[in-house]
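**Student:** Chain residues, written in single-letter form:
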Amino acid sequence: MSAPATTAKDAAGAVDLAARGRKLGLLMTLPAQLLLVFIFAFPALMQIYISLTWWTPGDGTIWIYAYESFVWFDNYVELITSERLWEPIGRTMLILIVVVPVEFVIGFGLAVLFVDSFPGKRVFYSILLTPMMVVPAVAGYMFFMLFQSNGPINQILSLLTGTDVELVWLGDTTLAMIAVMIADIWQWTPLMFLILLAGILGVPEDQLKAATLLGANWGQKFWRIVLPRMRTVIIIAIVIRAVEAFKLFDVMYVMTKGGPGVATETISIYIYKLFKQLEWSYLAAVDLSILIALSVIAVIGMTLMAKAKQKRAGDVVD
Amino acid sequence: MTNNRALNEIGRYALILLAVVIAMVPIAWMASMAFKPVEEWTMSAGELTWWPRNPTFGNFEYIFTGQTEAVIISLDRTAVGPVIASLVTALFGTVIAVTVGTLGAYAVSRFKVGGNLPLSVLQLRLFPPMAVMIPVMIMWTYLGMIDTWWGLSLIYGIVTLPFAFWLMMTFFDEVPREIEEAALVEGCSPWRAFYRVTLPMVKAPLATTCLFVFILNWSDFLIALLLTTKDWVTIPVFMNELFTAMTGPMYGAKAALGLIAAIPPVVFGIIIQKHLVRGLTFGALKQ
Chain A
97 MSAPATTAKD AAGAVDLAAR GRKLGLLMTL PAQLLLVFIF AFPALMQIYI
147 SLTWWTPGDG TIWIYAYESF VWFDNYVELI TSERLWEPIG RTMLILIVVV
197 PVEFVIGFGL AVLFVDSFPG KRVFYSILLT PMMVVPAVAG YMFFMLFQSN
247 GPINQILSLL TGTDVELVWL GDTTLAMIAV MIADIWQWTP LMFLILLAGI
297 LGVPEDQLKA ATLLGANWGQ KFWRIVLPRM RTVIIIAIVI RAVEAFKLFD
347 VMYVMTKGGP GVATETISIY IYKLFKQLEW SYLAAVDLSI LIALSVIAVI
397 GMTLMAKAKQ KRAGDVVD
Chain B
306 MTNNRALNEI GRYALILLAV VIAMVPIAWM ASMAFKPVEE WTMSAGELTW
356 WPRNPTFGNF EYIFTGQTEA VIISLDRTAV GPVIASLVTA LFGTVIAVTV
406 GTLGAYAVSR FKVGGNLPLS VLQLRLFPPM AVMIPVMIMW TYLGMIDTWW
456 GLSLIYGIVT LPFAFWLMMT FFDEVPREIE EAALVEGCSP WRAFYRVTLP
506 MVKAPLATTC LFVFILNWSD FLIALLLTTK DWVTIPVFMN ELFTAMTGPM
556 YGAKAALGLI AAIPPVVFGI IIQKHLVRGL TFGALKQ
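Sequences listed follow chains A and B, in order.
Start counting the first sequence at 97; every next residue gets the next number (the numbering used here).
Start counting the second sequence at 306; every next residue gets the next number (the numbering used here).
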């Protein structure tokens, strides 16, 4: 609607903000550009260089002299052939595949409950968002306490089952994994809830009313109107959660440090360990591989997001 | 019909209450632990209780002064330093991210410059900070920025730049450009039009962005874990070390510190609730 109006105005010879401010604009983006170069370009080159050597800070030489131990692609060969890297990646993926759908389903369920207004809605809404505000490391500590073998979780379970439950949550390989997943689900379901609720509220009400008049039942409205309208929102919510879940570190580090053994060692924890062991040249190869893999995923994701935005703009028009 | 409706309402409240309880239990347990005296930290005193039997401020006293009567081992370093470190670095990190982000976002929103900038900035968020830690470590060492407030603030500013940039960009997009164009006609320079006309109009969004970015900086654990060693250790890192440095788990003391760390983000989060969706989805969605 407003588009023709602006064009008419431009044609009438109003000032062109974009043209007048071009120089200023370049100046204003400069700090951001510089920071990006500072954190992307130089580090990338440095990582490529180091990853082709066997340099470690333990050598006592600075990284510039890493060429003295130049080994070409040995580090990359090692990372492809070594199972040591694939295990944490597999574990990270396992966590991701479990927690993201669970968070999605619970978040969606809660969002549906919050669609129409009811007394106390605002207060409940605020309370349900609290977990994601908690500092992740602190959330990790909360669950560290809860999952102690003589802690409250076992106490509650004992109460519910009537027998003495004494599970060693953080000391058992399977249970530790479950404990960590529960912590993640507790903290990040609110995020799904928040985004999905915004999505549901964006579904045009008149369409739902029309469907009701036409005699559509609850299920039909949900599957035929709500879900298709929310497709892009759902994609965004899942992508955002998946990206963050892939980086999972804080909660894990505080709760289990990747243990017992390596049972809950995610990719971030594994990288942290390599870092502490000063295996920096191998780590550089690992890092670069991850960055490249993520970049490929990013390109796909961003295309989807851009499409989503366009579609939303289209929705508003019609 | 009415009966069915009432049943539905009861079901709704039951489910929501269940969710509320689950959301609150871990927080409640930590809050209760923060006020428990040493004897009640573990099962050794007998039953675990959800309410401290002898509530005390001893844990807070302990982390801030280094000693309290009930604990024999005194702390060689109190939580005063880490609290200040967290505040200072989160604050300056926010200043950097919001300043750089606002300038860049305005330019992209208004002057059609910057090209790929929005996407490059977004990419920053995608990468695990872990994956660029070697070069960052080397650069920060070279520049003498390890364990300094400016070193930590700088990396915070960079890491949270995507949020500041995208939030401000969506806010600027909502301000009609006609007002600035009118200002230009009146003889204003583009900079003055930005500084004197647009910026005052986005005061509230700017405040929202600041709080949002502050929460993110305050919540960091990993970066501080890597880039600080002693003087500028932040609350989460200090809290984690409170465990390893002591002979036993310092449940109550850690809980007290955790409670302090948890409060600012929760309060700020409630204040900016309306804009959380926009912030977390980089403006792709609004509430």
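Just so you know, these hints were derived from the structure itself, not from any lab.
If you're wondering where the values come from, they're calculated on a predicted model, not measured in any experiment.
Don't take every hint at face value.
To be verified - Listed next, the in silico DSS-like pairs over lysine-lysine satisfying Cα-Cα at most 27 Å (straight line):
no.: 1; chain 1: A; residue 1: K343; chain 2: A; residue 2: K369
no.: 2; chain 1: B; residue 1: K579; chain 2: B; residue 2: K535
no.: 3; chain 1: A; residue 1: K217; chain 2: B; residue 2: K579
no.: 4; chain 1: A; residue 1: K372; chain 2: B; residue 2: K535
no.: 5; chain 1: B; residue 1: K579; chain 2: A; residue 2: K403
no.: 6; chain 1: B; residue 1: K579; chain 2: A; residue 2: K353
no.: 7; chain 1: B; residue 1: K508; chain 2: A; residue 2: K403
no.: 8; chain 1: A; residue 1: K343; chain 2: A; residue 2: K305
no.: 9; chain 1: B; residue 1: K591; chain 2: A; residue 2: K217
no.: 10; chain 1: A; residue 1: K353; chain 2: A; residue 2: K372
no.: 11; chain 1: A; residue 1: K317; chain 2: B; residue 2: K591
no.: 12; chain 1: B; residue 1: K535; chain 2: A; residue 2: K343
no.: 13; chain 1: A; residue 1: K317; chain 2: A; residue 2: K305
no.: 14; chain 1: A; residue 1: K305; chain 2: B; residue 2: K591
no.: 15; chain 1: B; residue 1: K535; chain 2: B; residue 2: K591
no.: 16; chain 1: A; residue 1: K343; chain 2: A; residue 2: K317
no.: 17; chain 1: B; residue 1: K417; chain 2: A; residue 2: K343
no.: 18; chain 1: B; residue 1: K579; chain 2: A; residue 2: K119
no.: 19; chain 1: A; residue 1: K317; chain 2: A; residue 2: K217
no.: 20; chain 1: A; residue 1: K353; chain 2: A; residue 2: K403
no.: 21; chain 1: A; residue 1: K119; chain 2: B; residue 2: K535
no.: 22; chain 1: A; residue 1: K353; chain 2: A; residue 2: K343
no.: 23; chain 1: B; residue 1: K535; chain 2: A; residue 2: K369
**Student:** Could you run down the list of hints and mark each one as holding or not?
**Tutor:** For each hint, the structure was consulted:
| no. | hint | in the structure |
| --- | --- | --- |
| 1 | K343/A / K369/A | 15 Å, holds |
| 2 | K579/B / K535/B | 38 Å, violated |
| 3 | K217/A / K579/B | 14 Å, holds |
| 4 | K372/A / K535/B | 17 Å, holds |
| 5 | K579/B / K403/A | 25 Å, holds |
| 6 | K579/B / K353/A | 36 Å, violated |
| 7 | K508/B / K403/A | 31 Å, violated |
| 8 | K343/A / K305/A | 42 Å, violated |
| 9 | K591/B / K217/A | 19 Å, holds |
| 10 | K353/A / K372/A | 13 Å, holds |
| 11 | K317/A / K591/B | 23 Å, holds |
| 12 | K535/B / K343/A | 26 Å, holds |
| 13 | K317/A / K305/A | 10 Å, holds |
| 14 | K305/A / K591/B | 23 Å, holds |
| 15 | K535/B / K591/B | 42 Å, violated |
| 16 | K343/A / K317/A | 37 Å, violated |
| 17 | K417/B / K343/A | 33 Å, violated |
| 18 | K579/B / K119/A | 35 Å, violated |
| 19 | K317/A / K217/A | 23 Å, holds |
| 20 | K353/A / K403/A | 40 Å, violated |
| 21 | K119/A / K535/B | 44 Å, violated |
| 22 | K353/A / K343/A | 15 Å, holds |
| 23 | K535/B / K369/A | 20 Å, holds |
Hints 2, 6, 7, 8, 15, 16, 17, 18, 20, 21 from the list above are not met by this structure, while the remaining hints are.
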